[in-house]
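Protein chains: 4
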Amino acid sequence: MIIVLRKNISRKEELEVLRAIKRLGYKPHIMRGVARTVVGAIGDERKNQSLEALSAMPQVESVTPVQKRHKLVSREAHPVNSSVRAGNVVIGGRKLIVMAGPCSVESEKQVLATATAVKAAGASILRGGAYKPRTSPYEFQGLGEKGLKILAKARKETGLPIITELLSERQATLVADYADILQIGTRNAQNFQLLIAAAKTGRPVLLKRGLSMRIEEWLLAGEYILAHDNPNLLFCERGVRTFDTYTRNTLDLAAIPILKQETHCPVVIDPSQGAGRADLVSGLCKGAVAMGADALLIEVHPNPSAAWSDAAQQLSIDGFARLMTDLQPFIAAAGRE
Amino acid sequence: MIIVLRKNISRKEELEVLRAIKRLGYKPHIMRGVARTVVGAIGDERKNQSLEALSAMPQVESVTPVQKRHKLVSREAHPVNSSVRAGNVVIGGRKLIVMAGPCSVESEKQVLATATAVKAAGASILRGGAYKPRTSPYEFQGLGEKGLKILAKARKETGLPIITELLSERQATLVADYADILQIGTRNAQNFQLLIAAAKTGRPVLLKRGLSMRIEEWLLAGEYILAHDNPNLLFCERGVRTFDTYTRNTLDLAAIPILKQETHCPVVIDPSQGAGRADLVSGLCKGAVAMGADALLIEVHPNPSAAWSDAAQQLSIDGFARLMTDLQPFIAAAGRE
Amino acid sequence: MIIVLRKNISRKEELEVLRAIKRLGYKPHIMRGVARTVVGAIGDERKNQSLEALSAMPQVESVTPVQKRHKLVSREAHPVNSSVRAGNVVIGGRKLIVMAGPCSVESEKQVLATATAVKAAGASILRGGAYKPRTSPYEFQGLGEKGLKILAKARKETGLPIITELLSERQATLVADYADILQIGTRNAQNFQLLIAAAKTGRPVLLKRGLSMRIEEWLLAGEYILAHDNPNLLFCERGVRTFDTYTRNTLDLAAIPILKQETHCPVVIDPSQGAGRADLVSGLCKGAVAMGADALLIEVHPNPSAAWSDAAQQLSIDGFARLMTDLQPFIAAAGRE
Amino acid sequence: MIIVLRKNISRKEELEVLRAIKRLGYKPHIMRGVARTVVGAIGDERKNQSLEALSAMPQVESVTPVQKRHKLVSREAHPVNSSVRAGNVVIGGRKLIVMAGPCSVESEKQVLATATAVKAAGASILRGGAYKPRTSPYEFQGLGEKGLKILAKARKETGLPIITELLSERQATLVADYADILQIGTRNAQNFQLLIAAAKTGRPVLLKRGLSMRIEEWLLAGEYILAHDNPNLLFCERGVRTFDTYTRNTLDLAAIPILKQETHCPVVIDPSQGAGRADLVSGLCKGAVAMGADALLIEVHPNPSAAWSDAAQQLSIDGFARLMTDLQPFIAAAGRE
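Taken in sequence, the protein lines are chains A, B, C and D.
All the letters of the first sequence, read from the start, carry residue numbers 1107 to 1443 under this note's numbering.
All the letters of the second sequence, read from the start, carry residue numbers 1107 to 1443 under this note's numbering.
All the letters of the third sequence, read from the start, carry residue numbers 1107 to 1443 under this note's numbering.
All the letters of the fourth sequence, read from the start, carry residue numbers 1107 to 1443 under this note's numbering.
One thing to keep in mind: the hints can contain errors.
Any copy, or any two copies together, can satisfy a pair, since identical chains are not distinguished.
[To be verified] With a straight-line cut-off of 30 Å between C-alpha atoms, the simulated BS3-like cross-links for lysine-lysine are: (1) 1128 with 1201; (2) 1174 with 1259; (3) 1201 with 1255; (4) 1113 with 1366; (5) 1174 with 1215; (6) 1259 with 1177; (7) 1128 with 1215; (8) 1225 with 1128; (9) 1118 with 1366; (10) 1113 with 1174; (11) 1252 with 1201; (12) 1262 with 1174; (13) 1133 with 1306; (14) 1259 with 1118; (15) 1118 with 1177; (16) 1259 with 1366.
Worth flagging that the hints you see were computed from the coordinates, not collected in a lab.
Taking the hints into account, I'd like the entire structure generated from these sequences.
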């Protein structure tokens, strides 16, 4: 930790800071500059308590950590890319994986039609929400377990593994019984109890980025999964909230090269949530593939304008097939299959 | 709902939209303008399904709701201010209520010392976290039930009702057994399962604003409490996330007059989280009181620079006493006690 | 400056950094920690070139300045509050100053009516835009010099000094000939050539905060005024841009205590732009006064719903008079006149 | 325009609104819904005054425009892509154009070395700043006209057209005498007087997006160029400001497909400013090319760690050459040369 002291403090006030540093288990190292005195606190920031408490002392101007706080998810800890297996699909290998399906599970017919079609177009995993987190209590909240059963049936018929959202600690076992991958949604990205519950099921976890989550906070939320003994973690960028009103969210594609530097875990991009508009999905997928995403998560509906949730961002089945064709040259350029 | 059609669409495409509007239970009303055709969809937006699905049709440019979506929390539904009772304290009445105490419960000694001191200085409710949501899994996660017992002991000794955070659906009953008010933290503000679990305990719920939550989303999260038969809801502004780096969050004090227009529920301000800096707490409290806040939620610690969490934003006991004195003229100016 | 080196770099790579530090005029001071090596660079960051260039070296993880970059506007440089005089009005003294008037100058009749009324209600300075920065080239761009002449006439009749916006370097002399205070708008807050031109007129300058300006950037923009030999600077908070859509901007009232710590210059609050809604102006003014603002800048129009710009945020003349009455207890509580 | 009236207003209050609509040149059309009455105002929103003033009436809940405000830059006005010529280089054609060079012009040697190298690697246009907008008045402000002469010399030696920033209305003619393209920086993106001055030189104008500019505001700023009779406009996305601290800005690559829908003008991406980190430039370029950017604007310096400004984001000459090679497959995949 680096502690910058305020100007014009007395020797006594300085000593108080040094004592506090020692009390918290660090060795202080003084450096007198032209304008300020700086104290380096030597010690392991992960083992010792944080020195940020020192910023409460009036003689301290700022406290800056030196070490990064994420550990198990970091590339330092695990220099080689890790990969995550769901059924017989590997995410994080040479093959670009496409997960596709409706926003909400609405009926068996809707899910089976979509599953068959997205599989034919090249998708490897089926997505669909059985439990839906909705801004208003009066909106459709998902079919619940009935939806899970429909997804399982679609898996049986098509062989596609399924990914579905987990909303509640109390449903972790139930949802894990049906799902191949558990999705943690953006509004729950720092619901740490839910992260722990998901980790403990042993299923792979896809962790969406929170609405206004900094990269470091996201890595640390992922750290909760690995720290609870589940190594199967996928980070999924789905757009952050900004001032812009043209799109629902601002998809931060720079997250791909950043995550590739910071972590060994695979990176998934959700262009459907990322824009909130079907007409931008194709462009965003091209960018995501070129920039090195390991997988895409795309909303597809047999009849978007009759969808029960997020209609504006779902592709039609034809639109999805066209997209898969359009992506081919970019997948090849990125050295993927 | 107002549906704006794209330019130069055919009569047939227009009819498709009208049919879709009728299918969803609304009566379409066409208005031909100079540049665009606009369709008003007459019908109850709360009873019928949303027309937003229509934005998936290529001939539709935009869909705008006319009705507000919050209902039970709205002032339209309940024109008079509501108030919330915790023990013998009433929040939302003429008296400005101050809730004070440490960020985390660390020990019995720490809590009792703080409780006695804040009571003497004029606080009416004791705050303290037994379960702590922490960005990193390696940080102190709270004392858990032991912390709840300490808070209960402090209540017994001082008579102060207690407010403490609920983190997990599975702990709702346990925490409600000890607490007079359940706090829902900013990272769980759209953890709807937790909101429902909190509502069902029957305890008053203080709902902090999410990190980048729009006013309407916040009102709708509150709506989850009232819609699950718990009328005892407090909205608590605690700063939103912006681009600024000087403070941890940007306290949106305009939320006070806005909430006073939109809802009947009491409004609480948390200046400690709102700034993340003890030196700004006094200024922010003055503003909050002048602007009509019903209560303040303030972090106080007997020795901030040794605090186990959020040291930089906690007031010392002396600092809190000074603050309470400094606030008197503003409380009087606001017509409060 | 504090330079954190990457892990596992060679001794040779470390020496390259030390040499670069010396070349830029600093003395390196090495501190070996548990996880990282940190180098303090001793030297005056304001006189020497910034070391931020070192962050381009692959062996450098981060570079953090220790000194603040603002100098003349800082409280360190000038511990006592400064005040700014416009005509016979002093901003920054014991009296709370209210600047009021229409968003745009539309006609002599409109301005004279407003000026007379706001003076009667207690305003000390007349505001009004003769040159208007408009998002679209097809919107009303202001009356130009004709507008300035109308303002001058209103000053003659009422004795109120006038504040008006400067949009163009080329008009600096012209506008300064008429105005008592030059306003720099939010979209020009980092138009440094305009800041310099404004400073050189010698007139007091009111510098609005940019749409997404950090506090430090704002202080440094103000530094441009003082560094060009004009000590008469007012900082004006007018709301920043966030994700929220309920109000046009988010008024950052915490800027008042922050600026009072960091700078000696007076602080002005613009609640009209800050909310973009007339119905929130009164609440925001109460907060601003309680928190220590030196002046308020308020839009008032004889007939808001016929205003040529920003109608929604202008108070009527009656509304303004009511506001001035409502503010009295808060002005007294803040120890002002 | 769509005007939503408040609930429970009297017939008389409703008539006042209708009269106001007529007075402003529109024909009102009433639509009575279940919860609200909505009035459509029929008329050309671009020719008539805006009805937004009506939002100042207490009986009006909201006013929403129906027409988009940008005209000349819109795809509706000019369905085919436009292209911009600088020297013998065409931006907006089949060839992907790369503009490269140092952030600041520092010396003849530096610029000539960079120009020769970037040309050899495949760049078509030379960039370099002679006038630099700097956050602090104490930072290097550019070599001024001397810098322009150096750029002109580099053009003469290499044949590369040059792009350089215009900071001041008063220098418009001078800079236009040297430059092939005038760059308007992010901090001046709504400095409308500068936009007009740039337009009037007749030179192509590259308009960077403002720090927190909405898409519509950006299109309207571009509209200032075309409305002042200069059809040679390039939109340049360079990252927006968000809450994230990992990168300097958040590059909004979705702006590419959005601009391609909304405008006929070419789209340029600046990944150097967009990330503020050289190590992310390659990834961002791949995404930009795949998503359909017409040109890239890249900072290159012979010795980044000795650069006088923005060192961290400049590529070395080797790094740039590698980037140009790495981009080839993506350029081909995008159907470009």
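Requested in this report: With 30 Å as the alpha-carbon cut-off, assign the pair residue 1113 and residue 1174 to within, between, both or neither.
Outcome: both (28 Å within a copy, 12 Å between copies)
Report task. If the cutoff is 30 Å on CA atoms, where do residue 1174 and residue 1215 land: within, between, both or neither? Let me know, please. Result -> neither (49 Å within a copy, 34 Å between copies)
Query raised in the report: Are the CA atoms of residue 1174 and residue 1259 at most 30 Å apart within a copy, between copies, both, or neither?
Result: The answer is neither: 44 Å in one copy and 39 Å across copies each exceed 30 Å.
**Report entry** Intra/inter-copy verdict for residue 1262 and residue 1174 if alpha-carbon distance must be at most 30 Å
**Finding:** This pair counts as neither: shortest intra-copy Cα distance 44 Å, inter-copy 43 Å.
**Report entry** Within, between, both or neither: residue 1225, residue 1128 at alpha-carbon 30 Å
**Finding:** neither (61 Å within a copy, 34 Å between copies)
Query raised in the report: Are the CA atoms of residue 1128 and residue 1215 at most 30 Å apart within a copy, between copies, both, or neither?
Result: Answer is between; shortest inter-copy Cα gap is 24 Å, intra-copy 66 Å.
Report task. Have a look at residue 1113 and residue 1366 and pick one of within, between, both or neither, based on CA distance no larger than 30 Å. Result -> Only across copies: residue 1113 and residue 1366 sit 18 Å apart there, 41 Å inside one copy, limit 30 Å.
Query - Identical-chain pair category, residue 1133 with residue 1306, by Cα at 30 Å - result: Classified as neither; 38 Å inside a copy, 50 Å across copies.
Query raised in the report: How do residue 1259 and residue 1366 come out at 30 Å by Cα distance, when the copy is not named: within, between, both, or neither?
Result: Cα proximity of residue 1259 and residue 1366: none, with 35 Å in one copy and 41 Å across.
Query raised in the report: When no copy is specified for residue 1118 and residue 1177, does a C-alpha distance of 30 Å or less occur within a copy, between copies, both, or neither?
Result: between (37 Å within a copy, 28 Å between copies)
Query - Intra/inter-copy verdict for residue 1128 and residue 1201 if alpha-carbon distance must be at most 30 Å - result: neither (52 Å within a copy, 45 Å between copies)
Query - Identical-chain pair category, residue 1259 with residue 1118, by Cα at 30 Å - result: neither (73 Å within a copy, 38 Å between copies)
The structure is inconsistent with the numbered hints 1, 2, 5, 6, 8, 11, 12, 13, 14, 16, although it conforms to all the rest.
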